[in-house]
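Take a look at the letters that make up each chain.
Number of protein chains: 2
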Amino acid sequence: MTDVAALDAADPLRGLRERFALPDGVIYLDGNSLGPPPKAAFAELERAAREEWGQGLIRSWNAAGWFTLTDSLGDRIARLVGAAPGETVVTDTTSINIYKVLHAALALRPDRSVILAEADSFPTDLYIAEGVAASRPGTGLRLAASHEPIESLIDARTAVVLINHVDYRTGVLRDMAALTARVRAAGALVVWDLCHSVGALPIDLNAAEADFAVGCTYKYLNGGPGAPAFVFAAQRHHAGLVQPLSGWWAHAEPFAMASKYRPAAGIRRLLCGTQPILSLRALQAALDVFDEVDLAELRAKSLSLTGLFIELLDPLCREFGLRIVTPRETQRRGSHVSVAFEHGYEVMQALIARGIIGDFRAPDIMRFGFTPLYLRHRDVLDAAKALADILQSGAWREPRFAVRSLVT
Amino acid sequence: MTDVAALDAADPLRGLRERFALPDGVIYLDGNSLGPPPKAAFAELERAAREEWGQGLIRSWNAAGWFTLTDSLGDRIARLVGAAPGETVVTDTTSINIYKVLHAALALRPDRSVILAEADSFPTDLYIAEGVAASRPGTGLRLAASHEPIESLIDARTAVVLINHVDYRTGVLRDMAALTARVRAAGALVVWDLCHSVGALPIDLNAAEADFAVGCTYKYLNGGPGAPAFVFAAQRHHAGLVQPLSGWWAHAEPFAMASKYRPAAGIRRLLCGTQPILSLRALQAALDVFDEVDLAELRAKSLSLTGLFIELLDPLCREFGLRIVTPRETQRRGSHVSVAFEHGYEVMQALIARGIIGDFRAPDIMRFGFTPLYLRHRDVLDAAKALADILQSGAWREPRFAVRSLVT
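Protein chains in written order, with the numbering used here: chain L, 185 to 592; chain V, 185 to 592.
All the given hints hold, so there is nothing to weed out.
Computed beta-carbon distance windows for the label pairs:
# : chain 1 : residue 1 : chain 2 : residue 2 : range
1 : L       : T252      : V       : A194      : 42 to 48 Å
2 : L       : D475      : V       : C501      : 52 to 58 Å
3 : V       : R293      : L       : R507      : 49 to 55 Å
4 : V       : R516      : L       : A318      : 38 to 44 Å
5 : L       : A480      : V       : P269      : 51 to 57 Å
6 : V       : F504      : L       : T252      : 34 to 40 Å
7 : V       : S589      : L       : E335      : 49 to 55 Å
8 : V       : R516      : L       : P269      : 44 to 50 Å
9 : L       : G322      : V       : R368      : 29 to 35 Å
Calculated from the structure, these hints are not laboratory results.
It should be emphasised that the depicted structure is a prediction, and the values quoted were computed from it without experimental measurement.
All C-beta atoms, glycine included, are put in the ideal place defined by N, C-alpha and C.
All chains should be built: construct the whole structure from the sequences, respecting the hints.
The structure is reproduced here in structure tokens:
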């Protein structure tokens, strides 16, 4: 049996758990969907509301740096994704940012007309790609079927490849460098969706020569529910960057009140309208935590946690027919473990009733997210024990666990 | 001399001032740009952060109603704009919502190709209209020049007219019923931008048979810096509503994780991605204040405040060449008074230095917003006195008042 106490005692990140407000009696394995609040976020929100909003009022647009928070927070995320300063902004939602960069990519490849994505992609990526294709005559959307390698579909008509770094359903981690090289060699551009990897493992967009990326800040980054997303564009594309959501925050002189649009220089071209400052301040407090984090240590701990969980689940797989969907090879694994089981919905509800919170994705996937910032090996052990007990006792068969809720 | 004490004593809304956190020594005349915090917003933010986010974690998407806040807050704004339940959602930014409804309107009028707007419109409306036109081959943007009545340009090619209810620069209030009737008689659709009217005066979109509307929640609604905007679509258009920002929140079954987009029924088609919940909670507290407000009383007080300010400014106009740009006819006046003056920038900085906060819009407009929820007639008098003193003493000539800041 693994000595979880020894692993936790040797964990270089163990001190970070204290930075988070976690409810008593909960083992939180859903930080891959919504991260918990860093304690500092409460104080920061109060300060922003009472001082900046209440005392500073309109003056805070200048005095408190509200107008450039999109950029300053973007530059802090840059360190986590391997971007240079001035290549990332925090703004809008992942969906809207995908829309912007797909349009931008298509405009950069006017002789090509196909958006290539995966049928198993995170759904909103596909919905937005559909919206882009439908609104641009002649643009097509081509989807790689399950288990069909997307790289095998890249051809001379491919303008842009939209791909998830970690698959939300399976937890598969893609080889960013290899796939980006393959896309670029074919003359196409790549958009990486980092929603399920940023904040959980090291990312190096510029080392991979990636073109565009988007990502979410409320999962592993712990920015708060619905906190604005980020978008990255490699500096070499900035001069030619056009996107149709050309709002006033993307204007070269937003306060000149000119009637004609003239795009800002650089990454601000990917902005659009006024951003929710209070939510951005909570995100800022969440990013402060990462200032102390060595991403290699983060990754090592993540793999240790997910590896332990997989090891503990193996006997349950044999006994109850659970199937671990997430790869065992560490270089192909993100920071969550997905387990297929016919009664996964009910089992997950039974776990949640015991304070072990993961989530479920249709049709049959239980997801367990292991955030290295605040989870311990003993949490992994306790979660696995509870899962074993629920399966062995049949506790998941209680009718209340079959009730479906709107958001699962 | 007007007896401001008597006017304030007779003000039926006088009790509402206590609901707001206003700094000492400030007369805040910029609620038309960023409303001040309702005191309840502080408690609501803290509750949402500590309890919903911190204790509820992912469970709050269901348990705290996060997923339907777009709709529930939209229905509360509906009362303020004359919409029926299910016709309004709070989401994204004004700019992005304009993008959605312009696309939707163009799709509803496939035999027409022109977006008509005003050259003096709020700039982001024009920038977005440019973005829509540029991304839709064959679509044109036509602008009415200053002082050219936009209605005179409506013709058989006009698909949609985008117009501001209150002009941000001049404070002119448009006749919504008359202009909407004119647009509809010509077979076109109308998009009303309510940013500078909502929360300051009664609006009746459905009585006017308006098609679409957008508006901001951080000005007269006091929802907090950058709080998400709202968008209205008349129920009769819902079945045919298509817009290209087709993100997962607009899906008929967002948690079915289908790979194909299928639009939700009704107004949720105008949603896109995940919204910033903390900012929405502050907005909710701000909307609570309006539950007690009779909009006819609000309008009467607004006109009383702006009328008094205009009356007090008349002697300064004669003496110093100030020019009141906002109409004197009450039916053509919004809730702010705009004053043109060559040295308006410096004068406004001198006023701000004395705690009287309005703003400046290029090239020469000082704007004074009069929010009836928390301003008193004596504030109007004090502001006018300070303005007179600054002009008479020449205090605005101090070099520090000429320093330009990023956000004016």
